[in-house]
Each structure stands twice: as C-alpha cells, then as structure tokens.
Amino acid sequence: MPEFWINMGPQHPMTHGLWNMKVKVDGETVTDAKPEIGYLHRGYEKIMEVREFQKNVVLTDRLCYVSSITWSHAYCLAVEKMMGIETPERGQWIRVVALELQRIASHLMWLAAYGPDLGLLTGLLWALRERELFLDLIQLMSGARMNQNYPRVGGVRNDLPDNFEAMCRRSIEHFLEKVDNEYQRVFQESKVFHMRTEGVGKISAAEAINWGVTGPNLRACGVNVDLRRLDPYEVYEEIDFEPQVWHDGGAGDSYARFVCRFNELRESCQIILQALEKMPKTGPYRVKAPRRAEGEGYAKTEDSRGEALFYVIGDGDDRPYRVKIRSPVFCTMAATPIMLRGNKLADSVAILGSVDVCVGEMDK
Amino acid sequence: MSAPLIPNLFGVCEVLVLAIVWIIDQILYALAGLIPPLTGLAQWFDPVARRRLGMGPLGSELLIVLVTWLIAVTIIVIWATLINLLTMMWVERKFYSRLQDRYGIMISIWSLPFWPFNRAHRPTHRGTGYLQNIADGVKLLQKENITPRNADSAMFHISPVLIASSTLMIFAALPWSSGFYVANLDLGILFIFAAFSLAPLGILIAGWSANNKYTLVGGLRAAAMLMAYEIPMILSVIALVFFTGSLNPLTIVRQQDRPLVSFGALSIPAWYVFSPQILGFIVFSVSMMAEMERIPFDIPEAEAELVEGWTTEYSGMRFGLVFGFKWLRMIAGAALIAILYLGGWSGPVFVTLSVGGVPVPIVPEEAWFLLKIYLISIVFIWISWSVPRVRIDQILNIGWKKLIPYSLGAIIIAAAAIASGLWSVG
Amino acid sequence: MSAVVTSSPSITGRSVPGAEKEVLAQLKVAFGSKLKDAKIVRERLVEIVIDRAELVPVCTYLKDTLGFEHLSCVTAVDWKDHFESIYHIENYYNGCMVQVNAQIPYDDPKIATLTGLWHAADFLEREMWDLMGVEYTGHPNLTRILLPEDFKFHPLRKEFAQEVDRQYITRRKLRGGK
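Residue numbers (this note's numbering), protein chains in the order written: chain A, 1 to 364; chain B, 1001 to 1426; chain C, 2001 to 2178.
Because the hints were derived from the structure by calculation, they are not lab data.
Computed from a predicted structure; not experimentally measured.
The C-beta atom is built at its ideal place from N, Cα and C for all residues, glycine as well.
Do not take every clue at face value.
[Stated by the list, open to error] Capping the alpha-carbon separation at 30 Å, the derived lysine-lysine pairs in BS3-like fashion look like this:
no.	chain 1	residue 1	chain 2	residue 2
1	A	K191	B	K1094
2	C	K2039	A	K288
3	B	K1094	A	K202
4	C	K2110	A	K55
5	A	K46	C	K2110
6	A	K344	B	K1326
7	A	K24	B	K1213
8	C	K2110	A	K34
9	A	K344	B	K1094
10	A	K24	A	K34
[To be verified] Coverage of chain C stretches by chain A, computed from C-beta distances (three or more under 8 Å per stretch; other residues unrestricted):
no.	region
11	2104–2115
12	2145–2153
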C-alpha cells in the first residue's frame, strides 16, 4: 500500500478544538506530519487595538477558555509594566491563588481529555468531577465558572470571600486524596498506560529549546525552566515550590510530559496552601490604573501550557497601539512533526494529547 | 443436578403449533359447512380424521415441521436480541456509569409521555434506564441512511447484513440449557467458531467499500488483529478437546456436571477451569475479548484516532446493526466461555416444584447459565472501562508472541495430563 | 567563551542577579556603534535597537556566544513611517531576556529570516508575515498560517480598515466629550 495522507481534523475526536493535523502514513507508521492551524483565528491582536486597556481583559479571557485567568493575568501584568504601576501585596497573593486554581482546573481538563485519547473514558469523568471542585472555588472567588474577567489592570476585581480559605483547604484536601489514590491507579500504575505513553513522541532537550517548546513540555525534556522560578513575577519569589522536571531516563516522551503535568497538580495545591498561609489578611487588593499610557511593556508568565508572553505598546491613548500575544501552543505545534515522525498512527493521539493543545490561544 | 425450564424447545414449539392448528381446524370445519370443498383440507389438519383415513401423524408433515422450526428459530432470535441484547446493553451502560461516578441512563417507563401513572412531582428521567436502548434504536431507525458517493454500494450494504446474520447464526448452535436450543450439532463448537470468524470478513468489506481512509485503516486493523487472536482461541479449544473428546456443547457441559472434590456438603465442581486447562482458559478469555473488540483491543474502531474506525461511514439503523450486534457477540462469547470452562448451565437446584404433574425446577438451568453469562460479561466490562487502548503493534505482539505460545503450551499440558492418566477423557 | 555562559554552564532554573548588565556590556563591546540604542529596561530585560542589516550577526552572537537559546517571540510593529521587527530572546542559563528591535523601512518591508538559528522562528515569522506583511527573506516556507491562503491583506497594518471609532458610547461621549 502506498503512503497516503490522513486528515486528523478539523472535525476529529483527536483534535480538542478546530485544527487539522495532516499525517502521512505508511501502513500504520507516521512518516510525516503537517499541522494546519488558523481555523479559529479571531484577530484578537487587531480587535484589542480599538478597545480600552481594561476592556481587553474580556478578550484575553477567551484566548483559552480552559485557562482564562492565567491569560488575563499575563495581559494585565504587561499593561501594568507599561503603565509603571504595581499591584498591592494582597492583590498579588490573591492573583497567585487564582492562577494556581486555574492551573489545576486547566491541567484537569487536559487530564480529562487525555483519558479518551487513550481510550480511557473513565479518566475523563473522574478528572471532570474534580475539576468541578476548582471551578466552584473560582466561582466563589470571581463569580463565574469560566471566562471570569477577574484580573484587573492594577489588581483583581474583588477581594476574597470570607469563607474562601476554609473552602479552599477542604477542596484541596479532598483532591489530593483523589490524586494519590484514584488517578494514580488509573493512569500511572496502569501497565497499558505505560505501554501507550513510554518512548513515544520523543524530542531532545536541545531540539525542544530550539523549536521554542516551553512549559511542562520542556520540563519533560529535563530542562529546569519554570518562569515562576526563573523570572519570578507577582510573589512567586516568596513561595517555596519545586518546579516539576523529569530527571530520569527517557526524557521528552509522552510519559514524561504526563508525569510533569500530573505532578504539577500536587505542586499547585501546595502553592495555594502556602499562599493562603502567607497572604496578608487585610489590605488593598487593587490600585487605580491610569486611563492612558505610553511606552511598552512586556510580561512573560508560566501559563498552564508554557510561556505566555504579552507585549503591549501604548501610544498615549487609552487603547493599546499594538498587542502581541505569544502563545505557547503555537510554538509547540511547530515541533509536533518531530515528535510524530516514526511513531504509529495511534501514537499521534497519545503524543498530541500529552502536548495539551488549546486551539483558542494557538489561533488567537 | 439441575433441570431445564424448557426440556425441549422443538417439542414445546410443536405443541404450540399443533394447538394453533387445532384452532384453525375448528374454523375450517365451521367454514366447510358453508363451502363444502374445504372439508378435505379441514380433515387433512384434523389428527382424528388423519388417523381414520390412515395418514401419518400431523407432526411429521413437512409443512408443520417447517413452521415449527421457524417458530423455534424466532423464539431464539427474540430471546437473544430483544431480551438479552437489550439487557446486556443496559447492564454495560449502567455498570460503567457507576464506575465513572454517575447515574448513567435513566429513561424508563416513567418517561413515556402516555404512561398514565406519572405523578406531577416525579421527575420523568429518574428511572432505571432500561428503555434508553429502545429509544436509541427508535432514533436510529428514524435517521437517514447515507451512502457515501464513492462507496462501493453493494459491498457497503452487504457487510452489515453479513455481520448481523453471522452473529445470529451463532445462536443456532448455541444452547442455553440442556433443552433450550435450536439445533444439537455434534460439531456445535466448530460451527460457532465458523460463524464467529465470518464477521471479520464483513468488517474488512465494510472498511474497504466505504472508500474512506479511516474505515480502510480500521478494516485492515480488524483483519490483522482478528487473525492474530483467532488462532490462539482455536488452539486453546483444541487443548480442551483432549479432555472432552467431543465438540458438542451439551456433552461438554454434561462432563462438567459432577463434583471434582467434595468437602462434606460443599464440593468443587469438575469445571474445566479447575483442571489443567487453566492456561487455555486464560488464553481463550483474552482472545475472546479481542474477538468482541472490547476496549483494550478495540483498535479497529479506535475512536480517538480513526473517528469510529470501520463503522465511520455507517449511519442510521445500519450503524445500529453493526454497533449493537457487538453486544450480541459479547453474549455469545461469554456463553462460550461458560460452556467450555465454567460448567455451562450446571448448578445446584434447590427445590423442584410440581406444577400439574410437570416438574418445574425452582432454579432452572437457564437461570444458572444467564447468571454465568452476565457475570463473565461484567468482568469484561469492568476490564474494558479501566484500562486504556493498546496499540496495534502491541496487540499483534501479544497475540503472536504471547498467546500462541501459551496456547501451544496448553495443548502440551493437556496431552501430558491425558497421557499420564491424570485426567481421563470424557 | 563569554563569562556569562561559563559562570552558569547548566540550567539551574534560577536567574543570576546582575546578568543583564553583563549582557549589555558584552553586546556593547561586540557591536559598539552598530547598536542605535541599548539600555536596561528593568531587571533581567535588555533592549537594543539595531538596523535590519545587523540582525543576523547580533542574533548569532546572542545565541552562540551568550547562550540565548530560546527565541520566545517575534513581533512586527507598524509605526506608520517604518516597521519594526521585535525579537524577544531568552537565556535559560541566567534568566535574562534581550529585546532586539530591528528597524525596517516602510517602503521595503523585508528582513532576514532567523530560521537558520532557531527553528522556532519558522512559525513565528510566518505568522508575522501573514498578519503584518513583513517579508522574512530566506524563510523556507513563507505562506499564510492563520489566515486563508487566498486572503489578500495583512490585517495588522494600521492602514487595514477597522472601525476605529469606539463601538460603544462612553460616559465621556454622553457628557458631550470627544
């Protein structure tokens, strides 16, 4: 049988969103791959140029609906850098809590999607079940489950509710128990899971850096880069946490990526607990931001999927002159053909699932 | 030692047919008063008149035999599809929903709009969910049947029929108890395997004829995988034949219906799973799981990468046939495991009632058999919803490099057990 | 070998304080007057402005000598009289980031590609060509990536029509303001 191209997308169970991975297969082996993206391009960078600074937060929320707060926060941080203002300390701590809650919710969504990718539908429902806990916490904090519009230029929209800390601790305690027992058993201790993920989708550390792979995908290659540690923003400097890096052999495969993300669930819980501990109990959570600003500001943050970079230029008006969004998935997508080549067709799902694609931010 | 509820399906059907014929005959006699030529026909049907005229018994007439067979087959088909298939689907959907911490299907008789006993405060979607599969079937019947423009139309339409009919063929030779069966074949097990292995041909035809890359890859995967798993399955049955000396399911079950070891009142039955056949049992069960295309081995329709595999292009009830009949194959597979290794319908009977002189066992053989089938199926369902899907090369590795050597080993062990006199044939 | 790389040969995951000063000093030594502007914006961020002709030498020096191995972002900006192609290049060894602003004349929007140095530039430059119309000469596959193949415009340019007036009535406008 000659080699032929198969469209994995745009309407396909593998593509969690609207994009197309064209794979060339020889029998069952993938010999080449070509990502085709742009189905969801909404022209955010252009739209943001006619909206006021604060009103753009609504848009950045929708960059990736799974991970809204982290994206809005990156944008707010860039605008704050441009305006030269700084969030009050309590605001920064609240942001850290919000960011980590959102990171857990996002990683759980990834875990949920990774289960059916491998044919494990039970994983989907279990992960979504626990994601509800964190969406409830986020709702308690911001008033909305998704697209929260919570970070503000200069702080956050509102203070934490009274009972937030107790609720947070209770949910995290319950969640850690589930992670250690149920998830651990159904994913990591399953032999079939190891068979499916180990040794597939390999990418070396040098190649990953050169192709611009960031975040958990890069840490899975054994590169100790976590922007919360390398270039600390907010109050991450004061928090004691361990960036999840894969140190053992077989780095850069799907299993390493899985383990890095999976362990980040636990690590984020620890960060939240610490933040609740160290947070000043009272104080302002927001400063007044100027309406107009001139100059340029950039902020790079550790998004759930990698390095999110916002570059904002203001020309003295109340709207940005130019906004540039650097999406981690966009750059990782360029490297996926390397991961796919030489693997089996069924592996393409195990690989692309472990990369954690979010089409909204990829296509902007 | 249990007894069947239906001692002889053909006999029951014959009684049924003769009763109907008697009613028709009375009508014919009544009509013959008006139309005299009908008297001959009425006498042909009348057993008393037949005896007087020197004709043989009515039951031996070809027409009556044919009708009786037709009714017997219909009863088995309805029993298998309308009752057991629906129940099995319901059990699976309810069971894996509970594994996943949710209620699962809930459409029941309370959800029907014309059900008269609904109370205003009762939520209509909080039932047991048994009617959900029927609702799905009705939905599929209403849907349009789409044939892709570039598909090979004849082949595309033949393959669901081939799959469905070959699956139903299994039940012609599959007994449900020592009396509840259509045909008692000496080579029944062989016939069942032959019917089982027709479906991969249908899958291959479906994959090729739809002219779609997903279905093509799915069809080729099915061909590669089912071949790799049919061989160890047959080999492990060959190991079993060393012990049974027969391929007749009734004989095989009768052999297992005795105690192996007794501890006072309790005894371990002489099921073949407790014999040196244990290796063959494992190989057979794993291969059967692949034959059913359940999740660790469901690569022909791996929905994550192949959309829906070889069933991608089917729609409407044609999809319903190829999709729903997987459960029928699961019932057949579980029944085979029960017959070959787990004692089939043998089991203790506690009390036998006497209804009008006819002994009716309180726990009949059919009940034991159904219990075993559903328990085996639940184990399969449990496995398939707790593990991810295995990749095609790994599946073939397991099939060719593990299961075939194991099944050959099972043959050697069985032969050695017979040769050394550890176990006697039959 | 530079002092920056030898002082931190492995990626420790922590930034090196004061690395930006060292980077700036080394860049000034290596390129001197070719840098139109060079300054430390804030901690761990150096900004340099160069002409487009200097882009490849500067970036090669950054990558090969100073260990800036990660090309994070490529931004093209339409300043109405000229274009700017802005590169954010990151050093994983000391956490320092260099922002390279390469200036491009408006009537000839072309600049050399960086795909030879970083594969990451492949998609990033394609995106910028797609949206801004800056041609990265030497790029192996400079085609549309986000927009359809037959799209005629480069929408992020300021001349591309967009409803610049606010699409909503502000309080200021209601009070009779601008």
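#### Entry: Hints not upheld, ascending by number
3, 4, 9, 11
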